[in-house]
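> Below, each chain spelled out in residue letters.
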Amino acid sequence: MTARTSVAGRIAVRLATSLLVLWGAVTVAFVALHLTPGDVVDVLIGNSTVTPEVRAAIISDYGLDQPLLVQYVTYLGRVLRGDLGRSYQLHQPVAEAIGSQIGASIQLTLSAFAMAVVVAVTVSVLTAKRSRWIRGLFSGIELVGVSIPTFWGGILLLTFFSFTLGLFPVTGGLVLPAVALAIPVSAILTQVLREGLELTLDEPFILTARSRGMADLAVRVRHALRHALLPTVTLAGWFVGVLFGGAVIVEEIFSREGIGRLTLTAVTSKDLPVVMGVVLVSATLYVVVNIMIDLFYLAIDPRLRGAR
Amino acid sequence: MHQRTLAGLIVPVVALLALTACGGTPAARKDPGGAPTRGGKLTFAVNTEPTCLDPHQSAQDVTGLFTRPALDSLVSLDTEGKVHPWLATSWTVSPDQKSYTFTLRQGVKFSDGTPFDAAAVKANLDHIVSPATKSQLAAGFITPYTGTDVVDQYTAKVNFSKPHSPFLAALATAYFGIESPQSLKQPQDALCQKVVGSGPFVIDAWTPKQGITFHRNPGYNWAPENAKHQGEAHLDNLEMKVIAENAVRLGALTSGQVDAIASVPPISVNQAKADPKLTIETRQAPGGNYNYYPNTSSGVFTDKRVRQAFRDGIDFATIVNKLYFGTYQPASSPVSPSTAGYDKGTETQWKYDPAEAARLLDEAGWTARDSEGYRTKDGKRLTVRWPFFKAVVRENRDTLTEQVQAEAKKLGIDVAVTNPASIGEFVTTYIKGDYDLVDFSWQRADGDALRNLFAIDSIASATVFGQNAARYSDKEVDGWLNDALATTDLAKRAEFYAKVQHKVTEEAVVFPVYIFNYVLGASKKVHDIGWEPQAYPTFYDASVIQG
Amino acid sequence: MTLPALTTSRTPRRIPRAGVWAATLFIAVVAVLAVAPGLVTHGSPNDADALAALQPPGGVHLLGTDANGRDVFTRVVFGARPSLLAGLGATALAVAVGSVLGLLAALGGRLLDEVTMRFVDVLLSLPGLLLALLVITVVGRGTFNAILAIAAYTLPSYARLVRAQTLLIRRSGYVEAATSLGLTPGRIVLRHILPNAFAPLLVVATIEVGTALVAAASLSFLGLGPQPPAPEWGAMLSQGREYFSVAWWMAVFPGLAITLTVLSVTVAGRHLQRRVEGRLT
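Protein chains in written order, with our numbering: chain A, 1 to 308; chain B, 309 to 855; chain C, 856 to 1136.
Just so you know, not all the hints are guaranteed correct.
Chain B residues, not near chain A, derived (Cβ > 10 Å throughout) [what the hints assert, rightly or not]:
id	residue
1	Lys390
2	Val401
3	Ala427
4	Lys465
5	Ser469
6	Asp497
7	Gln501
8	Ser563
9	Val577
10	Arg613
11	Asp670
12	Asp686
13	Arg705
14	Thr737
15	Gly741
16	Asp765
Facing chain C, from chain B, some residues (calculated, C-beta under 10 Å) [what the hints assert, rightly or not]:
id	residue
17	Ala535
18	Asn554
19	Asn629
20	Ala699
21	Val712
22	Gln713
23	Glu715
24	Thr726
In short, the hints are calculated from the structure, not lab data. Beta carbons: idealized from backbone N, C-alpha and C, even for Gly.
The whole structure should be built from the sequences, with the hints applied where relevant.
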């Protein structure tokens, strides 16, 4: 097998698996819809009132008068066409509702992620293979960072920096919500990165670099870091989950608009189409991120191309 | 029109739960001197947002707040209850009090260019009562409405099947805001997203979870007669921003990110008052106070002695004073003192008396105690079932509930609070009357609120929705309420309403809790925020000093 | 926050002995208080007194009182039980269901393996809290439903782990030998596979109890867990944030209780992981 076909094959397998995951997510949503107590039509309409015509339209749109299998296929077809249903609470299609909120959430999560990467890289490069005392101190901080619930951390940040010190805007600001969201991610990322760095720093090529008279920091940044970064990339999918889950809480605390607030309102008003839509969108995002990581791997590490 | 289908019942309860915020003492903000600044933008942070922007459909007071800048009404009500011309320059009431003839202002244009005329008035009123609109509030204000005649281009005659004295007061609310007849032709869902009117501001965009923005309506020249100025609005732009978290909203005001906020949390009122950069303005809401309503038709509260024991055995006044730091006052009547027809006599009609409460419970046969200390009768515990829908809770009412629960325990009453999974579940419980206690506030500028709260035909059933949560049926009370409808003489109506308040207090069919005040916080740079009679702020006269 | 317990599979750094002791002691104290909160408190956590509302820490009320005049210390102590119960309950449920899925995948043939593991993939692809919110939308809120929701999102790691361990044991030829000796599959699973998978499962479960604790508190914080006036840390914190500007103690102490418990569990879990993996390799 040539390297070329194996790359293509690998991507094909990956895409197939991803489609399978997405199909599974749609199925989970469909099952959820039917597991919810009450008539499916009533579940879809939620607490809003609709005219009998609209009700009839929903029944025919979803094929609710058809056998379950037909309903399932109808539902799959709708999702494939990008039709996530309609929120009767918000008086608009789910796709539209999500579309209007997702920008804010992506901005928040990307900022938090960028922040976490900067912190993790800085701290790990500076502390890897340092004295026990320094490593111990930072390990302790990281442990606390992992353990602190986002909602508590957020409230403390808000109170201290916004209300007491007045350093950051109470609303509309991106810094504090992003920090609150970034805390657990930074903590985990730092741990993983440092472990990677410490392993790499023992490698022979590092010794070679040092023997050529390279400065310590340069060795760490230019040689070791590149190798240590690789394993952290596999965590990216996990980060998507943590960041999106965390966004629900952070948006609530900081009264920020976004997917999280949308979902929470939907949950308390039993607006199932919206919750299902958000679940599907986040699953898609997870899949896309994972595919991108695979491609990224192939790009940065040529050895992997022949691996399969 | 009074008959509604079961499906139509759900939303009125959302209304019932969500509705509040109205009221009003005078005390308009005084300018430090000089003409108001023209230009600039005012940002007002609010705690909730509408689920639908069309006030003809929605019952939320925040819908009124969000659309008032863009919608004018036919008439305007001042804080003394006097009606002033607005889009109608004058009106006459027929001798049988069944029809109202309005002469309309000429030269008014909706912001989409459609001219305002008698046909527009007819289109709006017809839209409100149309079954397709599923009006949660406005249609209920004019149940005897039979139709509108377009007499000529600028004369409209509104007809009722019987005398309906609260009509003009209702007409002045934002729920009767006049929308462009062109815009009304759209489906209801589209109207929920955007409304078009003739108001001093024009809606730019409404983004859920974020807020709504407006720009000045150029050429606006038809302000209500009782406004502070005439002509265009002072502000270039107006924004209402949704900040749900109380602490965050207040923080946004103190740090100068917004110019004014709704609902300063009671806990922070004193702190905010001490801030030299801020002013705090309080408006008492007229209409039904925040009250508890015992179910008088089934369960433990059918016994008047048990109702009275619950009301008099719990120190509501102390709880309210401690919990709200004096921001809201303890209530004594079902309606607030600022309601036309308030009966001051209720203030001395009942008082906190735990000993008497215990005696009444003993007398009612709840003498034994179980292992947890609750009273029992024939082996059954004295349990009060209370569905409390937390998702729409405001003003820390959940904290209040927990306090009342703990106080009731001292009386030996087990208050079992349940949090319904959804509003739909709550509504089902409510219309079945499957509860012992429910709570809500019911703001209206008029004493007619009492009819919603206590009239027999206001008891919710599978076919009719109503706010008579006590499920109280009393022929005498019904008679007084109907007599009040038939007269426009304010003093006479007040007499009837006083009788109603006295009787329902005597019978303990309502446990008054607190009088809601709308607490507005604003930067000192902001001037002349006005007040709607139902006690929410208006921005036509408002201005902001730049810099 | 779901710790990527399996992704950071390298043996963690040694935690100082004092830290492990402190963590174990703290867990022990919380556990004792969860069983017998009356040991250190007097009165009920729901004793409200409007006149005693919002008193600062000190004096009769060690940690102050809340907006209802309830003793914060008593409520924090009584809050240990529902909080621990939610964390442990969700973990136990997830371990049970996850183990069954893992066993099915490893022993049930190729098709079952594919189906089960793809299902696990799907669960993994949904952000944890969102999955929990979906479950709650379907089954409604409440203590038990919150446990169910959290179990749904923590079970994939157990399913994967049990599958991997089972396959490992199976490949070792162990199972074939036992089968040839005439042991029934049920006996093999119970007597040989599960005991062998137990140690790594315990390690992951210990670490994940922390995740489940935070998740449970998060759901309560969002008003979807135990309903008031039940003293639960997340719910207390949620009420406390309204009063933060005047009564910081209402939110700080429940928050501290959650953080310290999760921290202790994490420390203990990592210590355990180190010990177990040291023994296995």
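> Among all the numbered hints in the text so far, which are the ones the structure does not match?
6, 7, 8, 17
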